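Undergrad: Residues per chain are reported as follows:
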Amino acid sequence: MIDEDLWSAIGDPTRRRMLDLLLVDGVGTATSLSERLPVTRQAVAKHLGVLDRVGLVHGTPAGREVRYRIDEAQLARAVAQLSAVGSAWDARLRRIKQIAEAIERERKA
Amino acid sequence: MEYGTLERQIHIEASPEVVFEVVSRPEHLREWWADDAKLDPAPGAVGELVWGDRAHVEAITVVDLDPPRRFSFRWVADGGEAPVAGNSLLVTFDLEPSGAGTLLRLTESGFREKGWEIAVLEEAYRDHVTGWERFLPQLQTYAVSLGSS
Chain C
1 MIDEDLWSAI GDPTRRRMLD LLLVDGVGTA TSLSERLPVT RQAVAKHLGV LDRVGLVHGT
61 PAGREVRYRI DEAQLARAVA QLSAVGSAWD ARLRRIKQIA EAIERERKA
Chain H
1 MEYGTLERQI HIEASPEVVF EVVSRPEHLR EWWADDAKLD PAPGAVGELV WGDRAHVEAI
61 TVVDLDPPRR FSFRWVADGG EAPVAGNSLL VTFDLEPSGA GTLLRLTESG FREKGWEIAV
121 LEEAYRDHVT GWERFLPQLQ TYAVSLGSS
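Residue numbers (UniProt numbering), protein chains in the order written: chain C, 1 to 109; chain H, 1 to 149.
Okay, chain C solo, but in the shape it has when bound (with noise of 0.2 Å):
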């Protein structure tokens, strides 16, 4: 059974960059994974909330920015789900129905 909004989380490229970067260095905070990631300190920060709302990384405030690390229980059940799902083509195959689903959505409101 998958978590589709656990899914969601892990599907995209550039969370899946923030997720190997944070697993490297063991914290970080919008500001230092920008500066590695070519994506703003903004659509950082959004990222960030997307995999903290799924409890993928967990943040504690420092000064003005927040600290982030990977919350290790929630990434072990992320790579679980995936290895259970088990194929490249299915995950793409996911991705797909997930994103022309979702402009189905705005095109008909």
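The hints are simulated quantities; they were obtained by calculation from the structure and are not laboratory data.
Simulated restraints on C-beta separations: (1) H:Pro97 with C:Pro61: 48 to 56 Å; (2) H:Ala55 with C:Asp5: 25 to 33 Å; (3) H:Ala45 with C:Arg69: 38 to 46 Å; (4) C:Gly49 with H:Ile10: 22 to 30 Å; (5) C:Asp90 with H:Arg25: 19 to 27 Å; (6) H:Ala55 with C:Gly26: 17 to 25 Å; (7) H:His11 with C:Asp52: 30 to 38 Å; (8) C:Arg69 with H:Glu81: 41 to 49 Å.
So the derived list for chain C, only partly shown, Cβ under 8 Å to chain H, looks like this: (9) Pro13; (10) Trp89; (11) Asp90; (12) Arg92; (13) Leu93; (14) Arg95; (15) Ile96; (16) Lys97; (17) Ile99; (18) Ala100; (19) Ile103; (20) Glu104.
Only a predicted model underlies this, so the values are computations on that prediction, with no experimental measurement involved. Heads up, the beta-carbon is just placed ideally off N, CA and C, and yes, glycines get one too.
Mind docking chain H on chain C? Use the hints.
TA: Relative to chain C, chain H alone:
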């Protein structure tokens, strides 16, 4: 075990026109597949899929573009050649109206025609069936470390 073709299908609650855009346009390929994608929507056009900071780049050749029914392309050519028949994998998306949505059929073939040694062939097939590794290198390492701790 047949290593010839990988087949999948999925129902999508969106029109074939929308699904066709998502499977074929570079701005969407960047959302569901690679970190970056360059692709001209014309048969014979050679584009590229890019992961990371060009850590991994795959050439991709458009074979058939028939909106909103079919999009097919070749990728995974040997030795940096442009993908053509005989040296690459052929991916075909067939779209069919289904209720208010679309039935999307995927096939990936050419594991045989690439003419690799059987072991390499099986490895490539397995990689394409279970291949999140390429996209989640750190997560995979992490998962292994969790499993062993």
